[in-house]
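Trainee: In the order they appear, the protein sequences are chains A and B. Mind the numbering: the first sequence is residues 593 to 866 in the working numbering, read in order. Mind the numbering: the second sequence is residues 250 to 1221 in the working numbering, read in order.
In silico lysine to aspartate or glutamate, DMTMM-like type, Cα no more than 20 Å apart, as pairs: (1) B/K1207 to B/D1190; (2) A/K734 to B/E885; (3) A/K734 to B/E269; (4) B/K666 to B/E546; (5) A/K773 to B/D317; (6) A/K643 to B/D373; (7) B/K356 to B/E424; (8) B/K536 to B/D665; (9) B/K926 to B/E966; (10) A/K846 to B/D1040; (11) A/K793 to B/D910.
These aren't lab readings, by the way, just hints derived from the structure by calculation.
Here is how the chains run, residue by residue.
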Amino acid sequence: MTIKAETLNNKPKAIILRTAGTNCDYETKYALEKAGADVDLVHVNQLVKDKGLLGSYHIFVLPGGFTYGDDIAAGKVLANQLRHHLLDELMQFVDDGKLVIGICNGFQVLIKMGLLPGINGTHSSLNGYRQEFTLTYNDSSKFEDRWVYLKSFSNKSVFVDKDCLLYVPIAHAEGKFVAGKEGELKALGKSGQIIFKYADKDGNIANYPWNPNGSMDNIAGICDSTGRVLGMMPHPERYIEPTQHPRWTREGLKSEGDGLAIFRNAVNYIAGIL
Amino acid sequence: MVTRIEVFTKTNFPDAIGNEVASEIANIGITFVDEIRTVQVYLIDGNLSKEDIKRICSELLIDGLTQDYVCINGLSERSADIQTGKMKFGQKGRKDNAVYTIEVARKRGVMDPVESTVIKGIRDLGLSAKSVKTAKRFLLAGSLTIEQVETIADKVLANKIIEDVFINKDNLFYEDKNDTIDYVFHRNTLEILNADDEQLLLISQMGQLYLNLQEMKAVQEYFATFGRNPTDVELETIAQTWSEHCMHKTFRGIIDYDGKLIDNLLANTVMKVTSELNKPWCVSVFKDNAGIVEFDENYNICFKVETHNHPSAIEPYGGANTGIGGVIRDTLGTGLGAKPILNTDVFCFGPLDMRQEMIPEGVLHPKRIFKGVVAGVRDYGNRMGIPTANGAIFFDERYTGNPLVYCGNVGLIPKDKCKKVSHEGDLILLVGGRTGRDGIHGATFSSVELTHQSEVVSGGAVQIGDPIMEKKVTDALLMARDRGLYNNITDCGAGGLSSAVGEMGEELGAVVDLEKVPLKYDGLSYSEIWISEAQERMVLSVPPGNMEEIREVFEREDVEVTFIGKFTGDKRLRLRYKGEDVADIEMAFLHDGLPGMTRKATWRSPSHKDPAINEKKDYGEDLKKILSSWNVCSKEWVIRQYDHEVQGGSVMKPLQGVNNDGPGDACIIRPVLNSNKGIIVSNGMNPKYGDIDPYYMAASAIDEALRQIVSVGGSLERVALLDNFSWGNTSKPECLGGLVRAAKGCYDTALYYETPFISGKDSLNNEFKSGDKTISIPPTLLISAICIMPDVTKAISMDVKSPDNLIYILGMTKNELGGSHYYYIHGFIGNSVPKVDTGIGKKTMDLLASATEKGLVRSCHDCSEGGLAVAAAEMSFAGGYGMELDLSQVPVEEGVDRDDVILFAESNSRFIVEVQPEKHQEFEKTISGIPYGCIGKVLDDDIFTILSQNGEKVISEKISDLKEAWQATLRL
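Here chain B stands alone, though its shape is the one from the complex (with noise of 0.2 Å):
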């Protein structure tokens, strides 16, 4: 008997979800909503009595201090009207207010934690429960229409790619009539070698496979020498294999460069300045699911970023979660398995103010997408207890209909489980969650354009995270690690156990018996068994001796084990379901049978003229403007939610200043508790260089996040890089030519600062479609550093710490406002973007490195964005003091004599630095030979000023205004 359960807050304390409701409902527009309370409804299917039922309610589902219930079924009929009695709703307001109800379920098969943890719950009351569904109820009360409320529904309440919405339904009970459906086998081949070009585009077609022609006929031909169709799941596993999410095939191709021949683009570029440089403490590069450098004598460090943009462009909060949820099984599966300590997350949106007029069909709004990307990112982080302490949000109009999420994880794992490798007659292990229908195609469909239908054709692409499944793998997965329980291990991803079986077994062969795989409801294909993308699950190569040890490390975290199939050696891969034969390829077919591809790229410098802009004598609202724009102001909003200090390590913290509150540059963490050896990671990135030129976009990224690090105090001599490019559809030329461009800019540029790259990866075909117009992502490359600091104690922040001490520009300013901000808010992008100056970039971080090593420097803020004027604003105001800089004291090239330029081009390379008087010989001595100006002072008061190179006052702010222009924007 199932019965329904409503869980609702007292009147007399806040109902906290439904305000953060009612001001979202605020933030869409619709005004005459004057109450609203939330209702957590919970059904419960089992054997049980009135008593029992008052039993969960009372001593489990409520806190009866702040809620109460009502039951349907069960414990009585509906004892009491939730609307007019005891909730007292609907009778504030109007008099002629309408009361609406809104309930929103889960659909069947997207996963929902809660229910497993109500069962568990109930059992602990000595009870038991067959099943559990969940949903939540809104009551709306205000003068509304029904499409107010549909509108409601839809753009607040729920996502209808993942849930079901009723509107004014009373007593739902969800039964589900196709809960007895069963899987009956049927062995499906398709009829492909008899298919003409037509058909077999066709095919590739119905089956969302994306397979173009030249790789069906290879596909046609391979089976043709056997003389039989392909089933189903073989056609399915090959589509995977060779997915360009899984195969890299356009970076990794031919590209015919204006008739330049680039055999392999990745390793002429990002991979060969690592085997240029040839650092010893790089450990594992571009093989393993991360890089791996040294840390310190007893551990190594690995490092991931990854690209979720496809799945959050549809449903935020799902795509967000399974983004971050993917990255820490990225580093679980790296070696043997490392730990994860610290989570790095980055995004592109559209601007958070864009009206909804100008959002395309099908796609959700922009602060629709921050909000959900940053609450599932933040909910997954924080329930595994991985600090998230460093990141960075961008936005243009260009990511709209297409946002880019990456996440990134670093891990700390012990030197001696680094290698793994399977042995022929180990058994295959699954571990971890369920398999349902979760993100089928998900690998093929994240590699192709994003339409208006792409919600309706992709629906099960998208999948929900259960961060506390995974957080029980990571627990028994490093004790079964630490007792040497298993050879070799990767995590189930994009493509499911096809890739992660594929890729263990390339070596060997597998055979998997596909009826053994545990699932979350009946009635699943061999074929969805295999390719379905379901989170929270690893893939072990068990010694069949270790078999029951292993088992029962696993059990006795509650997490399910299962042996699945074994590597046999035969370098086959062979699949049976039931003991019927359903797949049989040739691993060597599926690994290098991919035929080679060639594409055309072209580049030519696009030209935005640099504008005429006329001097002025004051740029103090300028200043405010580039403070308070999109990209540089305050993430407190988003900073605060994550848990950046979990697990103890936090040194540098991204929120820094007199208040907790100014924008630290890189994050710094003790990774061992009793060690002072740390870790620096930052990022860069800056897509308005790359609309003038991605070789220069790509140079400053890397420029920006090494600037970071030598920011707090670390030093280039340890510094691993990674790229992760977000592309627009590199089939044309152009865009291609871009790719291009930014990785020979990342090659030259590495090289250069002697940083080599150890992982990386690509999502290309980010554009979206709507109607005849397509959009693409502007080029996006995101550049992640990590450095391995010797001692933390030497780490400084950006804050200014006493009036007095003197404020230093290093680096040389040059007329670079190309892409900048200044050029942004007024309208323009110009063309003379920011370069790295081979000359003197590297010498001077290493200078300045070298005296922050001596204790000579007392804060340093990086200059990027809005240049030496929002940096210097910046350190003023997060440390509560004023400044007065000279801008006749800046070292310009010969040419700079605008103010303008000085105060906001964006040159690379530059810092302001705060030393105390006493020490500035020393410290000039240190710096000497590279170009620097002692610019002014930190004062005693509240104002910041800077003087023209004439001696006159063109800024002059108080900093609690300056401040208040970077913190509004964001709050919300």
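If we strip away everything but chain A, and leave its shape as in the complex, we get (with noise of 0.2 Å):
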């Protein structure tokens, strides 16, 4: 397959979300230029008004911050404007076979506007608005930052390499991962759409602080159906640089962080269909 999208030198495109309250930007454009992209940071008053752009990219991601404030609920306010004035061009981009990724913030974003999990290869929840999963308060009832260890759980996201343990941060206070039904998160699970599970630091599912949200069955991060769509909660663009890393004085400055895998798997994954 290959993707429209103009490029420079071959590079793939990734396209920054902005919006008022919009705070993890900065680091994210790094990690994702590490990784090999160019990457431009759009206010989406501009993507609004010029609806065309969206689709000079190859990598859409909505970073991480307090969009709006989070007033009302977290994400949610984005999400609205997203579903009412970009929701043609933002499924249009994923049928493309584009990439799509949502932290923290963005995850939150995604999920309440229904881009993710989108089950059954439809992104059906779009239609009729039935939200089936949601993120909301942490059962600490506070923000909280601290360091997760993550394990995969599935090959389904180009993002994500199955079985491995990935160590980054977490700083929210809604990213409680809850399913409405039993047997709506038995379906996700089913159709390999669960990517990221908190752990131990052996990789063995565990309760509180390693579950730091108390998310059901450990859930952090989860791709839609066709694993081009990641949204997670940790920080993967917090873990770049060795030097991140909370204890590299006692353990060592590994060669890069765990959170570049990501960018790369993304970037790669476009740079081999373009």
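Take each chain as given, in its own frame, and dock them per the hints.
Mentor: In structure tokens:
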């Protein structure tokens, strides 16, 4: 498959969406550039005004932050805006074989606008807008910044290799993954869409603080049915350089941070089909 | 038509806010609450159909999975009874339970950013709403009396300064009869030309101007030369400009210090160090909103710390909000604007376990202030996307009525953006939030003491911040800066437009048309517009040719901009309202007309006798007591709520060690992600020493801040300092004498360490009056330090790394238990305050820095509160290994022979260092010339042991017990 979009130097092009309260754009741009992408930061107002712009990119990134202050609920207002102003363009983007990643607040947006989980290959939750999953208040009722181990459970997502253990930080107040019905959770697992679960340092499923927010089934990240849309609460962009690890002075400097692989997988995937 | 919408969590999902509230209620001793639920209320006014309202609810306001709602009006009549219907409330617990409702709504005019977000969300749905109001509703079931419910409302749920409370009232619609009050212009002049002394003081008092008689007379004389009375806004402008907060008249005035005259204490101490050291890397000092130092070939770094004490006492959340918001704007308003990259926060509170009956009337409980302040800093800093990675909290009963909130911010600024100057003809551009009655008289209010009346008189001085507005301003501002669209910038802080325009126009003069300022609501007088301290506003000086381009840059980011006047060249400050002149004062009078002030200061050292404490065979309990004391204990509960890693530059985090929970010394960040050049930020403060002698408190605070820098791998070569004095009433000579002592301590110590001051701030009159009792805060000096670190991969943390490594102590231990935590837990202050040894202090830090640079150090922790024993214990439990140390190997000053002194003395310039056995010779060679001792080693077990000088175990504790003692105190 070859996907549309003009490129310079054959480099995959990523767009990081900005709006009021976006705040992880700087380090996310750094991570993507380090992984080999050309990156633009684009304000949502500009994208809504010039809807064709989205098509000129390969990777759409919703970074962390507190869009619109997380007023009403985390990610809700941006999700509402995207649903009503950019839905067709985003669905086309995914259908074109391109990639979408939402990190932390970006994951909250993807879930609340319905681009995730998009079970059965149709992003069906967009029609009729019946949300099957949500991200809600942490069991601790507090914002928490702490490092967590993520075990990958599926090779469905192009962003993630199966059976790896990543160490990255979370920083959120509303990250508890919740399903409306037990059956929907099972279906999600069956279709291989559960990508990351919180684990202990040996990769075993474990409770707080390993599971920092009380997520059902320890779910930290999921993908859509195509594997090209990924949402995750932890911040891979915060572990790109070895000095970002909280214990590098004990354990030594690794060659690179665990988070970089996610961005590199995305860039390599696009580069492979350009 | 207004529709009231109530959103609540479905019964099968936990109600997070409700659970939090439940534990708060239990905390104040009310235990008869069986069930609590929270309801978010929205009141939406607009021409909306039932179908529209249904969409707004289901698509925007609720999370269909976890929440449900009811509407009143619009959709249907109250379709379900919220108490007994869908929500199934009040069915748990005792049978005779009563159900109460408490509804809390912000008062009119108090910022609520949610309102505009909801309007935006409704617009995205293709609908439109005229206005939105929000409220929070709490349902309580239990065997409660109405008095208890009122107590819960007052102590837990609401702050009546900014919020209205309605108990057992349903279907509130908040119709506001004042909505239509228009402002009718009337020029107000005050009769001062013919006023006698008493009348002058009355005018000052009635207007909340806080000008003294001498100052009022200077004003009278000035206007007499023009033969006219001043307008209200002229007096307000003068009062604001001359306030202690803005002019620092105590520090810059004349002090008669026991007969010796000091003309400008600041210039003779902290500023003098900087000019004498004359470091070429100091780019801008004591001039701009923050001090600026060189960073690398492309960037400089700026740093500022502010206090926001008085508002935080009355409304902790809003006070801390606006404290951090304000200091971030200082950075944004430094040079042509810096990018904020790091927050630091230091707080002083009363002890959190104080009994309610000990709390003076009109004062919030320390725990409430603590939680409110932490939440305020958290919500503002996190939403702004600025890491909060350094800070401290200090507890003392004297802070109960007057807590201290220090907020700091570091900024990164391109080298060519550090200079600014307005040009004649430049337009005055106001950007950011709208102007309301927020914070009227904040500048003058923060310059006087608090009383139990403060919350009544000065409610208007309290504001709530809007971090998303400030983030939008930041994003747009830095783009406008990079395109070179303006010549000058400053923030609207204390004193509002009056201060911002007054300062920027000092050399040129300015004219402002006040009716142009965009308002949150009608009804503000020209005077209120001018002095309002509404947050999230910046003032720019824009060449007329850039008008359209700069407007476009801001509006693209949804930030409102308004041209409100221009810089003229006539060196006058002129204000107009709809063409009518309301003020015309010469800038020269405004800025130089303040009459000089002479204040008396005296100093006699208080004498607290050193106590006679019996020596013991086992100090394990003492160690645990110190570890669990308020000031030493783990602050993890606070730290985790701050995002300390956003922006990706984190190198040395505040929590360290094998389980990421040990107490780090200083934080390190890399502001430029593709470079290993870093900055280290630390702080030093110990008010307990100030009770003995503020001179040594200052010296020790500097030593502590520097120790922390060196501990993590920095050196003294590129360290700049900030001073923040919070003092009591300096019109009392002995209080001012202490301030002089502290300033002298700053001068001597900073000069010795060759570390210049680049910025600072003072907050005076920090005392609380209740009845006939006045409680002054202890003299409190915060020293913040910032160091440029060439290579962050040389950094080290404080946790011990592996068994068999050797443990050293560097520096000399002296008979210095005065003000120590050891004395404190035994109920004493003592007199032998730690001094800074100017024979070895700097050499110790320099040699340790070079050992670290050579890679000879595995971990390092400085000795501060609790001395050697606490520092070593922290290293041990953070690293997860035991330790055995021998006090006979500790270098001590002659005459030191007691074990408790060696264990707990807080002598300055000392470090505990872990060294690998194979490197010990090179290490010892590197540090030769300073006092040191190899005092033991790391063990492959979990026991922390210290042997007395005679070789007997004086401490032998499991590291898990020590850690538990340290962590349990603040596990809220």
